[in-house]
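Protein chains in written order, with our numbering: chain A, 1 to 374; chain B, 375 to 802.
Heads up, a few of these hints could be off.
[Said to hold, decoys possible] Simulated crosslink set (SDA-like; lysine to any residue; CA at most 20 angstroms straight-line):
id : chain 1 : residue 1 : chain 2 : residue 2
1  : A       : Lys134    : B       : Val420
2  : A       : Lys75     : B       : Ala595
3  : A       : Lys103    : B       : Glu568
4  : B       : Lys658    : A       : Pro14
5  : A       : Lys255    : A       : Asp329
6  : A       : Lys109    : B       : Ala595
7  : A       : Lys103    : B       : Thr590
8  : A       : Lys75     : B       : Thr590
9  : A       : Lys75     : B       : Trp608
10 : A       : Lys75     : B       : Asp560
11 : A       : Lys103    : B       : Thr596
12 : A       : Lys134    : B       : Tyr586
13 : A       : Lys103    : B       : Ala595
14 : A       : Lys103    : B       : Glu602
[Unchecked claim] Incomplete in silico selection of chain A near chain B, CB under 10 angstroms:
id : residue
15 : Arg49
16 : Gly53
17 : Leu54
18 : Met72
19 : Pro73
20 : Met92
21 : Thr93
22 : Asn97
23 : Phe100
24 : Ser164
25 : Gly310
26 : Phe314
27 : Arg330
28 : Met331
[Unchecked claim] Here are some of the chain B residues that sit facing chain A, going by a computed Cβ distance under 10 angstroms:
id : residue
29 : Tyr440
30 : Ser531
31 : Arg571
32 : Ala575
33 : Gly585
34 : Ile648
Keep in mind that the hints were calculated from the coordinates and are not lab data. In this text, all values refer to a predicted model and were calculated from it rather than measured experimentally. Ideal Cβ placement from N, Cα and C applies to all residues, glycine included.
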Amino acid sequence: MATVTYDKATRVYPGQDTPAVDSLDLAIEDGEFLVLVGPSGCGKSTSLRMLAGLEEVDAGSIRIGERDVTHMPPKDRDIAMVFQNYALYPHMTVAANMGFALKISGTPKAEIQRRVLEAAKLLDLVEYLDRKPKALSGGQRQRVAMGRAIVREPQVFLMDEPLSNLDAKLRVSTRTQIASLQRRLGITTVYVTHDQIEAMTMGDRVCVLKDGLLQQVDTPLNLYDTPANVFVAGFIGSPAMNIATFDIIEGGRAKLGEADVSVPRSVLTKVSDEGSDLVTIGFRPESLVPVSSEDVGGIPVTVDVVEELGSDAFVYGHPAGPKAAEQTDRMRSDTVIARVEPRMAPAKGEKIVLKVREGESHFFSVKTGERIPQ
Amino acid sequence: MSAMELRILATPREQQALLDLPWDMPLEEWPEWYLVALPRGISRHVVRFTRLGGRIYALKEVVQSYADREYRLLRDLERLNVPAVKAVGVVSGRQAPDGESLDPILVTRHLQFSLPYRALFARMMRRDTVDRLIDALVVLIARLHLLGFYWGDCSLSNTLFRRDAGAFAAYLVDAETGELHDRLSDGQRLHDLEVARVNIAGEMMDLAAAGYLDETVDPIATSDQVVERYRTLWAELTEWEAFDVNDRWRIARRVERLNELGFDVAELDIVTDIGGRTVRVQPKVVDAGHHSRRLLRLTGIDAQENQARRLLNDLDAYAAETDQQGEDEEIVANAWVLDCFEPVLRTIPPEFRGKLESPEIYHEVLEHRWYLSERSGYDVGLPEAAQDYVDTVLRHKPDELAILGGTTENPEDPEATQPFRVPWDELR
Chain A
1 MATVTYDKAT RVYPGQDTPA VDSLDLAIED GEFLVLVGPS GCGKSTSLRM LAGLEEVDAG
61 SIRIGERDVT HMPPKDRDIA MVFQNYALYP HMTVAANMGF ALKISGTPKA EIQRRVLEAA
121 KLLDLVEYLD RKPKALSGGQ RQRVAMGRAI VREPQVFLMD EPLSNLDAKL RVSTRTQIAS
181 LQRRLGITTV YVTHDQIEAM TMGDRVCVLK DGLLQQVDTP LNLYDTPANV FVAGFIGSPA
241 MNIATFDIIE GGRAKLGEAD VSVPRSVLTK VSDEGSDLVT IGFRPESLVP VSSEDVGGIP
301 VTVDVVEELG SDAFVYGHPA GPKAAEQTDR MRSDTVIARV EPRMAPAKGE KIVLKVREGE
361 SHFFSVKTGE RIPQ
Chain B
375 MSAMELRILA TPREQQALLD LPWDMPLEEW PEWYLVALPR GISRHVVRFT RLGGRIYALK
435 EVVQSYADRE YRLLRDLERL NVPAVKAVGV VSGRQAPDGE SLDPILVTRH LQFSLPYRAL
495 FARMMRRDTV DRLIDALVVL IARLHLLGFY WGDCSLSNTL FRRDAGAFAA YLVDAETGEL
555 HDRLSDGQRL HDLEVARVNI AGEMMDLAAA GYLDETVDPI ATSDQVVERY RTLWAELTEW
615 EAFDVNDRWR IARRVERLNE LGFDVAELDI VTDIGGRTVR VQPKVVDAGH HSRRLLRLTG
675 IDAQENQARR LLNDLDAYAA ETDQQGEDEE IVANAWVLDC FEPVLRTIPP EFRGKLESPE
735 IYHEVLEHRW YLSERSGYDV GLPEAAQDYV DTVLRHKPDE LAILGGTTEN PEDPEATQPF
795 RVPWDELR
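So here's chain A without its partners, still in its complex pose (with noise of 0.2 angstroms):
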């Protein structure tokens, strides 16, 4: 087991002019199942295959604990590129079927066995070791599989969107089990994929990319909680964060149409150092409750669409005040998602009025995009 650190990692493919994945500095720390998220493009695959040896490095290094493989071939590496799948061979008994890779790179046998048993342990097989795989329930031939990967010991799993082929539903039980087995074993896991609730699940900690640029690493609440940027912040949570540009106003408020929020000094401060009058606020869907229509700045939303999920309820709405054009304007997005009490949602059709909770606004620099810490 060990460390993995990108150190300035950098790969630009030829006839590009901007690199695939820029100056990359990631520390993964031993044992960790650290998952690499962002849109199509991000350079999350890329990073992982640098990793792996089947990208180039064109400048900085990539180090496993502290060997750097930056140039070494893949099989020297020490690694396990997790297949989505592994063959198994039908005449070959679990055991075999377990260590046969081990014996091609000329491992001693006693130390195959002992592999392979320790491996069995781990995955409960050992009582199956000499049967044949077709002796086994699916369950158990999976973990064979994995088995084949575990003997060899390697300092780092990786895995590339494993998960893709699989239906919705699938996809939720395998992934808590590939995260469940992951901590069992306590190796080192890179995990790539496109699917931020992927990510936000399965991950000690998640590391955001965007064209090629690491945008934020910390553990799902923290980036939940605390996004270092505009783009994270929309990014990571589902349904999304509502973001839009307000325009800062006498009395320390920030104000768009009918909405009105509370601007810390701090940010107040901040804003108009850049020299700006306006500010980006994001807030959560649990962050919205709906009032009665003569508070003060609360934001009228006709209702489009209501999601009973029976623990929870979610309003995906449209502006529907005096100002809702110039709303609509600043919006990330022309829809605002409150969560509502269960059971108590309004109508599809119906009119409501909306008020940001005071202290749950993200605020975040218009020019640069950063958060504004409060």
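Dock chain B against chain A, hints included.
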């Protein structure tokens, strides 16, 4: 009419035939009369074979993005002239009668006269057969790598073999894990090779465990051989070679060696150092299929590389025997087709034509003529050799147009003999 539309993306001729299949059923539940029992290889998806208009098609049920991706990749490989199965189409928008939507199906045309490795091992497992399989696979990998194709899961199971004048030609069957790049990094090539090495060793060990492998064949040594042979071939195809300016004949020699290996050199990079004493040469654009292309151009006969080499040799011999060496190549080739190739094929009764491909038959007749002449002590003519070949050899050969069954004691259950994949969703 349902909300979804069944879409069959394919050539018009094949579209017609495909229309008759029960697309509203999950592939797994298709009635047997639609299906042909071919060995299925490793796939995590449901794969079935069907016969339409005299041709066999492979059907693979897979999510839309995968179907589209593999279809596109296979079409790219076809455009790049890589020996691979031909993608026929993607059938999407499938819906069961109860309205439930079904995954799309990728349709590929089964390669006629192709042999899965298990079928080959079931009949002959001599050491040199194994060597020839390996050679064919190595050439295929190198060709793919030259074109920037990363296979990702190279194995004997993902390859089909066709006879090639006593040797084999390898075809890529499964492009599911493939990626087409402008150029492959060394890491990608080496990783691809490592995957191939492990897969091939595993497949051979499995054959050994099943009792299908001759004791003289060592699975590990064989898989190591893949790596060694690839390295040698890759070096010949791509490496700089430096020599003294007086040894310029070595440039021509390099090109000849590549031709021997079946590759054409379209561009050669030649650099002379400042003092002008040393010349360095590197092939730039190399194309496989040197002899195939030449034979096709001269005669219109579509053959594998070694078959083509054999037929071209026979063409040269014919030119010498008939004193036409000075003649225009195309004219001599035309005469050879009319005097030699076609008469031999006319000797083959129609019911035997499914046993071997025509160029392979011609190659075997040439071999047969050689043995016959040696035994008789005089040169047996081509017509006589062809007739004797039909009567004593071809008659007893199995039909290889479409190999059915495979090796197996129980052909109904591919899992009993084929390595198989376990999908993640079985992880419980």
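Now the hints, each set against the structure:
At most 20 angstroms may separate the alpha-carbon atoms for a hinted pair to count; Lys134(A) and Val420(B) meet this at roughly 18 angstroms. For a cut-off of 20 angstroms, the pair hint linking Lys75(A) to Ala595(B) stands: about 18 angstroms separates their Cα positions. Note on Lys103(A) and Glu568(B): the hinted pairing holds, with a Cα-Cα distance of about 14 angstroms set against a maximum of 20 angstroms. Restraint check for Lys658(B) and Pro14(A): the C-alpha separation of about 17 angstroms stays at or below 20 angstroms, so the hint holds.
As the CA atoms of Lys255(A) and Asp329(A) are separated by approximately 14 angstroms, the hinted pair is consistent with the 20 angstroms bound. Annotation: proposed proximity of Lys109(A) to Ala595(B) holds, straight-line Cα distance about 17 angstroms (limit 20 angstroms). About 18 angstroms separates the Cα atoms of Lys103(A) and Thr590(B), which keeps this hinted pair within 20 angstroms; it holds. Using a Cα cut-off of 20 angstroms, the hinted pair Lys75(A) and Thr590(B) is violated, with the two alpha carbons roughly 28 angstroms apart.
Between Lys75(A) and Trp608(B) the alpha-carbon distance is near 19 angstroms, which keeps this suggested pair within the 20 angstroms criterion. Between the alpha carbons of Lys75(A) and Asp560(B) the distance comes to roughly 12 angstroms, so the proposed pair stays at or under 20 angstroms and holds. As the CA atoms of Lys103(A) and Thr596(B) are separated by approximately 14 angstroms, the hinted pair is consistent with the 20 angstroms bound. Between Lys134(A) and Tyr586(B), the direct Cα distance comes to roughly 19 angstroms. Compliance with the 20 angstroms bound is thereby established for this hinted pair.
Only pairs whose Cα atoms come within 20 angstroms are accepted, and Lys103(A) paired with Ala595(B) is accepted, the gap being roughly 12 angstroms. For a cut-off of 20 angstroms, the pair hint linking Lys103(A) to Glu602(B) stands: about 18 angstroms separates their Cα positions. Given hint, Arg49(A) at the interface with chain B, holds; its Cβ is 8 angstroms from that chain's nearest Cβ, closer than 10 angstroms. Below 10 angstroms, beta-carbon pairs count as interface contacts, and Gly53(A) has one with chain B at about 4 angstroms; its hint therefore holds.
At its closest, the beta carbon of Leu54(A) sits 5 angstroms from a beta carbon of chain B; the interface hint therefore holds under the 10 angstroms criterion. With a least beta-carbon distance of about 9 angstroms to chain B, the hint placing Met72(A) at the interface is held under the 10 angstroms criterion. At a threshold of 10 angstroms, the smallest CB-CB gap from Pro73(A) to chain B is about 5 angstroms, leaving the interface hint in force. The restraint placing Met92(A) at the interface with chain B holds, with a minimum CB-CB distance near 5 angstroms, inside the 10 angstroms limit.
Checking Thr93(A) against chain B: minimum C-beta separation of about 8 angstroms stays under 10 angstroms; hint holds. Taking 10 angstroms as the C-beta cut-off, the interface hint given for Asn97(A) holds, the closest approach to chain B being about 8 angstroms. Using the Cβ-Cβ criterion of 10 angstroms, the hint placing Phe100(A) at the interface with chain B is satisfied: the shortest such distance is roughly 6 angstroms. The criterion of a C-beta within 10 angstroms of any C-beta in chain B is met by Ser164(A), whose closest approach is roughly 8 angstroms, and the hint holds.
For the restraint placing Gly310(A) at the interface with chain B, the shortest Cβ-Cβ distance is roughly 24 angstroms, beyond the 10 angstroms limit, so the hint is violated. Using the Cβ-Cβ criterion of 10 angstroms, the hint placing Phe314(A) at the interface with chain B is not satisfied: the shortest such distance is roughly 25 angstroms. The interface hint given for Arg330(A) is broken, as the beta carbon of that residue sits about 35 angstroms from the closest beta carbon of chain B, more than 10 angstroms. Taken as an interface hint, Met331(A) does not check out: its beta carbon lies about 31 angstroms from the nearest beta carbon of chain B, beyond 10 angstroms.
Annotation: Tyr440(B) was flagged as interfacial toward chain A, and the flag holds, the nearest CB pair being 6 angstroms apart, inside 10 angstroms. For the restraint placing Ser531(B) at the interface with chain A, the shortest Cβ-Cβ distance is roughly 7 angstroms, inside the 10 angstroms limit, so the hint holds. Interface hint at Arg571(B): satisfied, since its Cβ lies 7 angstroms from the closest Cβ of chain A, which is below the 10 angstroms cut-off. Of the supplied interface hints, the one on Ala575(B) holds, with its beta-carbon coming within about 5 angstroms of a beta-carbon of chain A, less than 10 angstroms.
Below 10 angstroms, beta-carbon pairs count as interface contacts, and Gly585(B) has one with chain A at about 8 angstroms; its hint therefore holds. The criterion of a C-beta within 10 angstroms of any C-beta in chain A is not met by Ile648(B), whose closest approach is roughly 28 angstroms, and the hint is violated.
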